[in-house]
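First residue of the sequence shown: 1, per UniProt numbering; consecutive thereafter.
Be aware that one or more of the hints could be misleading.
As the list claims (entries may be wrong) - With a cut-off of at most 20 Å between alpha-carbon atoms, the simulated SDA-like pairs for lysine to any residue come out as follows:
(1) Lys-413 - Lys-426
(2) Lys-881 - Leu-863
(3) Lys-426 - Arg-351
(4) Lys-587 - Val-336
(5) Lys-186 - Glu-205
(6) Lys-805 - Ser-705
(7) Lys-595 - Tyr-572
(8) Lys-186 - Ser-48
(9) Lys-576 - Tyr-631
(10) Lys-788 - Tyr-762
(11) Lys-670 - Asn-522
(12) Lys-568 - Leu-550
(13) Lys-24 - Ser-48
(14) Lys-576 - Asn-522
(15) Lys-84 - Trp-58
(16) Lys-576 - Glu-338
(17) Lys-326 - Asp-715
(18) Lys-535 - Val-560
(19) Lys-805 - Asp-707
(20) Lys-795 - Gly-814
(21) Lys-413 - Gly-401
(22) Lys-286 - Val-41
(23) Lys-186 - Gln-154
(24) Lys-15 - Leu-45
(25) Lys-162 - Asp-210
(26) Lys-103 - Lys-587
(27) Lys-294 - Glu-246
(28) Lys-595 - Glu-555
(29) Lys-670 - Gln-154
(30) Lys-543 - Lys-574
(31) Lys-543 - Arg-117
(32) Lys-686 - Asn-663
(33) Lys-294 - Thr-282
(34) Lys-813 - Lys-774
(35) Lys-634 - Glu-607
What the hints contain is simulated information worked out from the structure, not anything from laboratory work.
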Amino acid sequence: DLHEIQEVRPGKNSKDFERCKDSKDHQDKTCFTIFYGSQFVLNTLSLSAPTEEDAEKWLIGLELLRQEALAAPTPAIIESWLRKQMYSIDQTKKNSISLKELKSLLPQINFKIPHARYLKDKFAVLDSFKESCTFVMGNTDRPDSSAVLLYDFQRFLLHQQKEYWANDLNQVRELMTTFIDDTMRKTNDPEFTVSEFLGFLFSKENSIWDSKYSEVSNLDMNNPLSHYWVNSSHNTYLTGDQLRSESSPEAYVRCLRMGCRCVELDCWDGPNSDPIIYHGKTMTTKIKFVDVVKAINDHAFHKKLSSPTDDPARLDDRGTQQKGDKQGNLYIWDPVDEQWNRHYCVISDDRLYYAEEYDEEKEKLLSPSEQHYSEPWFHGRMSEGRQTAERLLQEYCAESGGRDGTFLVRESKTFLTDYTLSFWRKGRVQHCRIRSGSEGGQPFYFLTENLHFSTVYELIQHYRENPLRCLEFDLRLTDAVPRRDPHLTENWFYSNLSRGEAEDMLMRIPRDGAFLIRQRENSDSFAITFRGEGKVQHCRIQKEGPLFVLGSSTEFESLVDLVNYYRKNPLYRKIKLRYPVTEELVKRFSMSTVKALYDYRAMRSDELTFCKGALIHNVAKYSSGWWKGDYGGKKQLYFPANYVEEVSNNKITEQGDQAMEDNPLGQLCKGVIELSECSVKSAQGKNGMSHVFTLLMKEDENMLSFDISADSVEDLFEWYTAAWDATQRKNNEQFKASCITQEKEIEKKDAVAKKMSDLVVYCQPRSKDKDCFKRYDYKEIRSFMENKVPLRDSKVRDFLRYNRKALSRIYPKGQRVDSANYDPLPLWICGCHMVALNFQTADKFMQVNNALFSLNGGTGYVLQPEMMRSDGFNPKMQQDKKVQYTVTI
């Protein structure tokens, strides 16, 4: 899509050339890269031309096409988009689309289908009244019945729109012809139909934006730097979150081309004394300082961005790595999934914080010989074999029209390692045996002796693309007959389970994302029951024809497809389906430990008596409000659920109510463990991992353990030591005092490289007493975290006066590890110059930032209003004024 091309860059300027083995055979001057996409991280298409002249022609041609696409009128853009959508779903290549293809297109244009038969009814109406519809549509927009004439449109532009260029009738005529689709009506006296006039009203040609602000105002570029808002980026090198995303020089290119004028470089000591850039003490990738400086040099002064006084402000945070809180990657044993998951973890303030597990593909790849198992055409072993296959093919072909080549594959009942291909031909079902053999220990499969395949999947794919030639016929496999009700074999499906029983089962699994699907009373109605935010939720699934509809509009061809989709995409808020609730899992997690909050005396013989603080083991939970458990030698007696709190699963694992403000992982945090309440034990070799240690609650070591594994012996020693230290220091005031002293000493150390610091003339950072505004210099800059900005009534006036002469920069608080942004508007109003945002996150506040810096030609410098430099200006003062508006409808 030409509209998505952001840049065409000459030379070998992408990693594609580094990965390509043959790139050395191509000269740098013959190569170029197309950067395209609508997201922050752009896609690349790296190309090489035969000669330098050809490469130059391609570069010029692509740039002309890109500029032409940007300047294209709205009707051309809409037509291009419609054709693109049409071609993407037109599988038949007949320049028309089927009902099924239309149904897949509508969600892309945000059209919600009211009910399942809506489109079929519409198609039926169109087919029945095709000529009538053509007549009606042809008369609706007739110029003599409803039209906007040339002079009417001119008056509209002059009087309603206040477009004074419309005094020139030729310009009005030219604009109208742009929106007229019919060439025959592009005359000297053009007329708009109603739809064409509406098309103009909602077009970019009728934008509310005043084009004069797209030009650089030289009058606004001659003030001191402290009079401007400066477009600023935070941790510019990152392409995603703040903990484990990729760092890239291309992120600097992207920000600079988006108008950013203040970029950030976090410099650290690298190998061979070469500085590197990354987010220190995190798992973000590292990039070379020299690559970043080159990217800034190549793109900061790009002709699109530069102005007579343009000089990008670069904020450099430099230092050498110092030892702080322990953080990094660990594996944590999940007793629900019974597998190790990799998490980003931090030990801070005697707590172990751990983020959500890495979103790695958990589905094990099938071996080539098993690849056909996941295909819809493979039906496995059929109970009645041949008869079942024939019945399925006959039913499917009766519904679909019965194309020759419609097929399915099943396991052979007679031959253990063979399969059977059943297909439809000339109105009847035929069967072919897929024979198997072995050569050199490797299996192969064939239908004809002269053509062998290493897998069943390869065999089927071959005959879907090439005809199967026999003495009687040549036939290519076409439509696959899907398996009927594949959910019946899944362990998360229950055909006879009530709502209450489902809730009981889900209550016993202490994990958000646990789920099951159950059959409801009607045969065409199902429900998905899952845990989200600690509660059991239900969603109805209705079967409408062959489709399963979740809610009111989301359709799937099977329940298996539904589950697979919501394993990768959130079903409810941020909850994905993760833990199938099987009977085995329920048994394993039915028994837990709870702690008594109050004394309780038994009222009946089948109840427990216990005192406050008692630990009740092997608890079985029920939704009735009464649970069963073991205590004081008595087994499985009842007690009230509201008299206890869970300690076996909640206290040592997920704590959803943990305050996020002081959490180093912010919203990415999945759980917190109070290390001061735990003991640490070595457990090497546990659950198949070599370097394991275990956290156990001190008050009851019989409770569920929390198993952690490191990648190496060295990592195990460091994490074990850090965790052990945290468990020992709960009441050690001397240790805490020494920590405070150590922190103060670290703060006093100058972490800035002396040689680089000497290069700084303007924007000299000041951290000591930065909240005091009695003395300051125009050369200095003070940086504040978003929630530490001096905006209190007693400080805000001093801060405003400071901002008139010197510079201030605001950056996101550390808890925004997901790279979320904060509201820049209150800070701009207080005169803050560089409100640094995460450019990689296109949220509401980034859009507000883009709106402000669209002014002054997108240079990245916007002159603050004169009133902000007035002594009487108070950003905190609320002023209510009565304003009268006259609205004409």
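Any hints this thing doesn't respect? Which numbers, in order? 1, 2, 3, 6, 7, 8, 9, 10, 11, 14, 15, 18, 19, 20, 21, 26, 28, 29, 30, 32, 33 and 34
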